[in-house]
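Spelled out, the chains give:
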Amino acid sequence: KAGVTQTPRYLIKTRGQQVTLSCSPISGHRSVSWYQQTPGQGLQFLFEYFSETQRNKGNFPGRFSGRQFSNSRSEMNVSTLELGDSALYLCASSSGLSTGTGTNEKLFFGSGTQLSVL
Amino acid sequence: SQQGEEDPQALSIQEGENATMNCSYKTSINNLQWYRQNSGRGLVHLILIRSNEREKHSGRLRVTLDTSKKSSSLLITASRAADTASYFCASTDSWGKLQFGAGTQVVVTP
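Each protein sequence line maps, in turn, to chains B and W. Under the working numbering, the first residue of the first sequence carries the number 3, and numbering increases by one thereafter. Under the working numbering, the first residue of the second sequence carries the number -2, and numbering increases by one thereafter.
By construction, these hints were calculated from the structure, which means they are not laboratory data. For glycine and all other residues, C-beta sits at the position ideal for the given N, C-alpha and C. Treat the hints with caution; some may be incorrect.
[As the list claims (entries may be wrong)] 27 Å max Cα-Cα, derived DSSO-like pairs, lysine-lysine:
no., chain 1, residue 1, chain 2, residue 2
1, W, 66, W, 23
2, W, 23, W, 53
3, W, 53, W, 67
4, B, 59, B, 108
5, W, 66, B, 108
6, W, 53, W, 66
7, B, 15, B, 59
8, W, 53, B, 108
9, B, 59, W, 67
10, W, 67, W, 23
11, W, 23, B, 59
12, B, 108, W, 67
13, B, 108, W, 23
[What the hints assert, rightly or not] Computed, partial: chain B to chain W, Cβ under 10 Å:
no., residue
14, 6
15, 35
16, 37
17, 45
18, 60
19, 64
20, 71
21, 83
22, 94
23, 114
Chain B on its own, in the form it takes in the complex:
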């Protein structure tokens, strides 16, 4: 089975721009969750999608949004980029059959997208 694939691996943007990151989960997995990782804040939960519906959401501003397609692939979008959005963005997939993110389930992570905002 192929693992979780995130594209692109690296991205450089300037303030004010927007960016779209992509995540393809493991075949058969219906849940995709997104995390932001920075040296200062650590791993922060962004949101989780299951069967094309947002099932859970972290405490991030509305500039951060996501969606999931019928094939379970997911995208996240950040609009009006700020310097503080520079981070490693990780997505993770699971079958999602348990209630809530990761409940009684392990997550499979992609290698991440390293976003630098200049």
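Could you slot chain W onto chain B? The hints should help.
Leaving out everything else, chain W in the frame of chain B:
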């Protein structure tokens, strides 16, 4: 905010020694998981312990859970250079969100 706090923040040991790291969490949990992250890469799941379990083993890993103290520990026995990584605990909070601790950076030198 993070659900878990980990201790120590960093750990440097020699090959063959054991490495122990601790994790504390704030709210009641269904389970607690441990993940490893090699520099700048994705996280790899190591072990999951349920709230009704006290100890679990997987190869050279031993995890304990004390729900009365809201804490868990991860022991890596007979460490190897390949164990050099950051280790994170993660727990599911009451809203179903998986929250990660700040992580322990482990360096194993030959």
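Checked hints:
no., hint, in the structure
1, W:66 with W:23, "10 Å, holds"
2, W:23 with W:53, "21 Å, holds"
3, W:53 with W:67, "16 Å, holds"
4, B:59 with B:108, "19 Å, holds"
5, W:66 with B:108, "24 Å, holds"
6, W:53 with W:66, "17 Å, holds"
7, B:15 with B:59, "25 Å, holds"
8, W:53 with B:108, "15 Å, holds"
9, B:59 with W:67, "24 Å, holds"
10, W:67 with W:23, "7 Å, holds"
11, W:23 with B:59, "19 Å, holds"
12, B:108 with W:67, "20 Å, holds"
13, B:108 with W:23, "20 Å, holds"
14, 6, "7 Å, holds"
15, 35, "7 Å, holds"
16, 37, "8 Å, holds"
17, 45, "4 Å, holds"
18, 60, "7 Å, holds"
19, 64, "18 Å, violated"
20, 71, "21 Å, violated"
21, 83, "20 Å, violated"
22, 94, "8 Å, holds"
23, 114, "6 Å, holds"
Violated hints, in rising order: 19, 20, 21; the structure is consistent with all others.
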